[in-house]
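Top line first, the protein sequences correspond to chains C and B. Residues in the first sequence are numbered from 6 upward in steps of one, following the working numbering. Residues in the second sequence are numbered from 6 upward in steps of one, following the working numbering.
It is possible that part of the hints are untrue.
Remember, identical chains collapse to one label, so a pair may be satisfied in a single copy or spanning two.
As the list claims (entries may be wrong) - Pairs of lysine-lysine, BS3-like flavour, derived with a Cα cap of 30 Å:
no., residue 1, residue 2
1, Lys166, Lys124
2, Lys39, Lys124
3, Lys124, Lys31
Since the hints were derived computationally from the structure, they do not count as laboratory data.
Number of protein chains: 2
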Amino acid sequence: MATALYDLTVPMFIRGLTVLSGLLDKGAAYATEKGIDPATLTGAQLIADMKPLTAQVQFACDTAKGTVTRIGELEPVAMADTEQTFEELQARIAKTIALLEAVPRERIDGREDATVVLKLPNGDMPFTGRSHVLTFSLPNFYFHLTTAYALLRQAGVPVGKSDFLGGV
Amino acid sequence: MATALYDLTVPMFIRGLTVLSGLLDKGAAYATEKGIDPATLTGAQLIADMKPLTAQVQFACDTAKGTVTRIGELEPVAMADTEQTFEELQARIAKTIALLEAVPRERIDGREDATVVLKLPNGDMPFTGRSHVLTFSLPNFYFHLTTAYALLRQAGVPVGKSDFLGGV
């Protein structure tokens, strides 16, 4: 049986955000253990003109939230990008997971061919529900998850591929 | 209409590998322009005990190839991990895309609930066709794509998010 759109979104995002939460836990524990200022980790960047770990977490959350909001035509829930600490990032993830858990399956399923518009500063990008998930949301979501992983890994946090894949 | 398993695999991988090929082209062009030894880029690592760019490309290709081989019960095609140069990495990607393009849709569709076993050095991991794609193949594929991007981006190659997302 083919795969419902809900199953390509809500559980995928919850799973990924749970993984991200676990990676951040390992980052916070590493900072404590090594006596490192946690802000060194939460502010870590791959290169000076790329966003830090805090923003990677915010973007991952927003990709998940934005996708279900657009596809399900749900009331947008704004979240200010003010998180700086590991605790605040964990709260952002928890809030996003709670929002995802509250999305009724029937708001997502059947929306594969619906028009979904991503509004960007430089114009509107039209998708179908399916193309939005497959060509934008999933690649973008994993981009920010992997970048968060890369930042922690490069800083010496003992995370490995099995932490990224989660309980497969 | 729900999404067929073929559409969650073959076109997703071809799209991602095409993006990866474009990123490598930008890397090669940057090396030429700046007079950098291309091996500095193909051998770049995020940290000393993490695999270099060459391996990230090999792993992305193998995730795609392995997924369709396992789900479609296709004859395995071995590819030695000997690539060192941008040209060799491009050839590996092209060979993998050709293999993907030759996968008949009917070998993948309908295999959602089939047993699919991932053989690892430390034991077998059983999945269904669907869970294999959603919880292993797609996250793992984008992990290696994003890590390749991160390595090029950190080395100064002018790549941006739109290069990663491709023609959305």
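Is it within, between, both, or neither for Lys166 and Lys124, if the alpha carbons may be no more than 30 Å apart? between (34 Å within a copy, 16 Å between copies)
Classify it for me, Lys124 with Lys31: is the Cα-Cα distance of at most 30 Å met within a copy, between copies, both or neither? between (35 Å within a copy, 28 Å between copies)
Given a CA cutoff of 30 Å, do Lys39 and Lys124 count as a within-copy pair, a between-copy pair, both, or neither? Neither way: Lys39 and Lys124 sit 43 Å apart in one copy and 37 Å across, limit 30 Å.
Going down the numbered hints, you'll see the structure goes against just number 2.
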